[in-house]
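K.L.:
If you want the building blocks of each chain, they are given just below.
Number of protein chains: 2
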Amino acid sequence: MTETNLRILLRARPEGLVGPEHFEVSEGPLPSPRPGEALLRNRFLSLDPYMRGRMSAAKSYSAPVEIGAVMEGQCVSQVVEDPTGRFQAGDWVLGGFGWQRFSAVAVSGLRKLDPQTGPVTTALGVLGMPGTTAWVGTTELAAPRPGETFVVSAASGAVGSVAGQIAMRMGARVVGIAGGAEKCAFVRDELGFPDCVDHRAADFPERLRAACSSGIDAYFENVGGAVQKAVFPLLNDFGRVAFCGMVAEYNDDAPAPGPNLMQVVRKRLSLRGFIVSDHPRAFADWRSTGGEWVREGSLKYREDVVRGLEGAPEAFMGLLAGKNFGKLVIEVT
Amino acid sequence: MTETNLRILLRARPEGLVGPEHFEVSEGPLPSPRPGEALLRNRFLSLDPYMRGRMSAAKSYSAPVEIGAVMEGQCVSQVVEDPTGRFQAGDWVLGGFGWQRFSAVAVSGLRKLDPQTGPVTTALGVLGMPGTTAWVGTTELAAPRPGETFVVSAASGAVGSVAGQIAMRMGARVVGIAGGAEKCAFVRDELGFPDCVDHRAADFPERLRAACSSGIDAYFENVGGAVQKAVFPLLNDFGRVAFCGMVAEYNDDAPAPGPNLMQVVRKRLSLRGFIVSDHPRAFADWRSTGGEWVREGSLKYREDVVRGLEGAPEAFMGLLAGKNFGKLVIEVT
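So the sequence lines, in the order shown, correspond to chains A and B.
Residues in the first sequence are numbered consecutively from 1, following the UniProt record's numbering.
Residues in the second sequence are numbered consecutively from 1, following the UniProt record's numbering.
In short, the hints are calculated from the structure, not lab data.
Do not rely on the hints blindly, as some may be mistaken.
No copy is singled out in the list; a pair is fine if it fits within one copy or between any two copies.
Below, in silico cross-link-like pairs of lysine to aspartate or glutamate (EDC-like), each with a Cα-Cα straight-line distance of 20 Å or less [unchecked claim]:
| no. | residue 1 | residue 2 |
| --- | --- | --- |
| 1 | Lys267 | Asp91 |
| 2 | Lys267 | Glu249 |
| 3 | Lys267 | Asp278 |
| 4 | Lys323 | Glu310 |
| 5 | Lys267 | Asp252 |
Full structure from sequences and hints, please.
P.N.:
This is the structure in structure tokens:
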């Protein structure tokens, strides 16, 4: 068997909407592990909105992907060969790299997974980066108090679904915002949020206002755009907004204006952005706390698994448009 | 002697620019103290930007002034008569009320001033509400660390002048923003800020960028508008903005759009609004700390005293346009 490495490269930087023309599917030789590295076969690739930022050259909190380089992404993988001897062939690990079938990665950055304790894909979603993001943003920034109204956008998504469930455990009244009746039904019926408002409804601002009859004390911002516009006027005095992302605007050519900030004074708001990688200790903390809730079945999650690496660009474009339903994962075949 | 009470009433609510037509000068009988109240002769009236908010009916953190009512404001006054026996006639007190020559005010809300320890007007400015505002916003919200760049707008004003001097004591590199060469020279030469940038300069954004060559770590926001637009792109990762006010926009008919908030995520910014009255314990704290600095001459301040209550409307309009130079006070004659 002469295996090749199927890879998806960044062909061009999008200005505005991401399209298939920005990606290139390429076959190459298997990567050769350098000293300290293991060769991995990537089994599941996580697709996340932050990757849109990596496609642009604009200054951000992390360096952009170079043109012609493999698209960045985190994988759950199986060890093919580990010259360092730390892992056995066949071991499941978190830490494979990129939109590709194989990767050679420093073993120091890998964490062994035990497939017996639960689905390995949870390491990319509910118990991984997105879940930890929800944990940090909800407990440390939005910080709802019992009885307060907590609103989260992209409520059926990888981050929002967990944020809302954490806020419910903190005693808040949780209102989700999601796109479409099916997602809203899932948020209410499966996740157990008391309410979820469809942002595609023509009268969305009025519906949100009705769902938040006591105003909004804490908002977990994932989407920006029209949803942000509807949320801001409802914020109560001393309201907190945890800014996690604004996916609805990631494809915009130029940043749209935001809300006038005088309301920040009048209402004594606190608007705080965060990036989970600034909170390295939170990952193990959340794996322990959230892992128990997942095992006991009290924390719900949904994965949207797309089979085949070749489908990653289309799936990613869908993610930016809100077409996924739950944590988007590519099963690398 | 039959004294009358000269009063300035709110005649109409401004939409946009405040003009003389929104005020009414009126003479009436002296107010009669109710049980627990003293009759005061107001000697100095503080004029502050927040009063613009009280002229509008829009929901804010405090109730609006009613049409036909005396304009709200804090005064340093002398006691005419105190039936409760707590104060002597002639005592100087902080707590007189309104744009008027006399007021009847509950003695429980008055604080005696000792004119021997310093000018009584400082109770309205550097050691009063504006100074305490600077103290809270700088130490608790903007919280500059040694070596960081701290920027304050309206740097020659009642709040900004104190905020910058506090930030210098905290070890920050302080850059002021003020309107016009004269104010900038005062900020540099008298207040001792290392730099001050004139926001009226055609190339203000470039000048600000040059003055903040390491970016901006903490910003004390007093003005909004074009100044805010120039500051935001210069904010560093983990930058903090203390939102105190946005006086440049108070006369706007409708709120102008603000900055796109995706940068709040990318830079992990913290944008926090505050109102000093939410921090009641800070007043005595600052009087003690700032009072010592004022007495020893290490904290500089400037007052802009306008003689005659009749001039209050024009002086207030000037305040909103940045025409005052230092803490604006009306000497009530």
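K.L.:
Decide, hint by hint, whether the structure agrees.
P.N.:
Here is what the structure says about each hint:
{"no.": "1", "hint": "Lys267 - Asp91", "verdict": "neither (53 Å within a copy, 37 Å between copies)"}
{"no.": "2", "hint": "Lys267 - Glu249", "verdict": "between (26 Å within a copy, 17 Å between copies)"}
{"no.": "3", "hint": "Lys267 - Asp278", "verdict": "between (28 Å within a copy, 11 Å between copies)"}
{"no.": "4", "hint": "Lys323 - Glu310", "verdict": "within (18 Å within a copy, 65 Å between copies)"}
{"no.": "5", "hint": "Lys267 - Asp252", "verdict": "between (29 Å within a copy, 19 Å between copies)"}
Of the numbered hints stated above, the single one contradicted by the structure is hint 1.
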